[in-house]
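So the protein sequences, as listed, match chains V and P. Residues 3 to 169 (the numbering used here) are what the first sequence spells out, left to right. Residues 188 to 432 (the numbering used here) are what the second sequence spells out, left to right.
Do not rely on the hints blindly, as some may be mistaken.
Some, not all, of what chain P presents toward chain V, calculated at C-beta under 10 Å [as the list claims (entries may be wrong)]:
| no. | residue |
| --- | --- |
| 1 | GLY205 |
| 2 | SER247 |
| 3 | LEU418 |
| 4 | ASP419 |
These are computed hints drawn from the structure, not numbers from a lab. Think of the CB as a built atom: it goes at the ideal place given N, C-alpha and C, for glycine as much as any other residue.
The primary structure of each chain is shown beneath.
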Amino acid sequence: MDEFQTGLVDLLPRLRRFARVLARSDADAHDLVQETVERALARRSGFRPGTRLDSWAFTIMRRIFIDQTRSNARWARVVAPADEVTPNIADAAMAGEDLRADALAVREAIRALPDDQRLAVGLVLIDGLSYAEAAEVMGVPAGTLTSRLVRGRQTLIHTLAEQGVSA
Amino acid sequence: MTPDTRYDDETLMRRVDGELSPEAGAALDAAAAGDPALAARLATLRSLRTRVREAVPLASDPRDRDLARLIAATPGPSPVAGRLLDRLRDAFAPARAPLWAGLAAACFVVGLSIGWLGGDRAGAGFTVDRGGVIADAGLVRVLDSRLTSDGADADGRAVGLTFRDAEGRWCRTFQAGEAGVAGMACREDGGWTMQALAPFHASSGELRTAAADIPAPVLAAVDAAIAGDALDAAAETAARDAGWD
């Protein structure tokens, strides 16, 4: 394998974690990872060696996710919004993990965030990207990223406090 | 949370995320040391950060093995060609679009040849000597003898326009379809020197003639160099048969 391939394989756990922040279910998260990998392979000529592969791959995933969200939204206008109730439940059994109740509450609170804020939280708080890197992945100015991050955090603190989970 | 008069949520968040300058961070820490409310706000943000991170842990997944196999089984385009294209893309980024010729070309071409020769030479490509002299026998042969009407050879190499520049040198544009580049070379001391190069994608594998497939930067180099008109087929044949005198 060349450097690109090795780099992509090394990225898989981080891609999967990011996908789990974004997607509604484990199956959706896996689809998101798979699609991201396929697109990255198909478009590897678009990756410039010497730049960061993680930011590049995260950007691909973000775009796929946003596209899916848009088409889901269109679909939801046509079909009854029955899916609203189910998504969070599937998560408890995600990969058979024995999550502490608090961790589950945190995860559900993250999942309840608007997409923009969830992306920011996923990139900065969970993956640990710098603000500049996260803004690049999201394709927004740095100021937009920070305001989404502030709002996302305020919402999380508020939601968790309501549930009696100390943040 | 009630925003502190001096420190808003964003500033505290930056502190927790390591996005404040060391000085600003130290000032905030000093303020928090004497202000329990501020310290509590910081502690809440720190704790949230930890909790969020722990809630979505980095975990290995058995399905990653399948993806790793998929990745391993999908080799990219020739890595050498990839690097070449990257450099060309850099050189011809819109901000630097002005054509590059003469000395600039020679400098670039030196860098080019280093990268190129460092890779495997099995793939289609060509080499350029220091100073911009084209050393690749295949490309030299194409420039020496091929006519526009011949179209492309087996490696996708073809010539486009042939003309004299202001110094009276013969110049020809070429396309190296497999290598993904097109360029302009001029006759000098019995050899061909590279004047311009640009990324090039052959249209549906079939090389059209003349200017249609010449990338804009190369075309700009032609415009800058050409004296008079490009040769027609008869004149091109005559010039070749005369050995590019």
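Structure-based check of each hint:
no.: 1; hint: GLY205; verdict: holds, 8 Å
no.: 2; hint: SER247; verdict: holds, 6 Å
no.: 3; hint: LEU418; verdict: violated, 35 Å
no.: 4; hint: ASP419; verdict: violated, 37 Å
Hint violations for this structure: numbers 3 and 4, all remaining hints satisfied.
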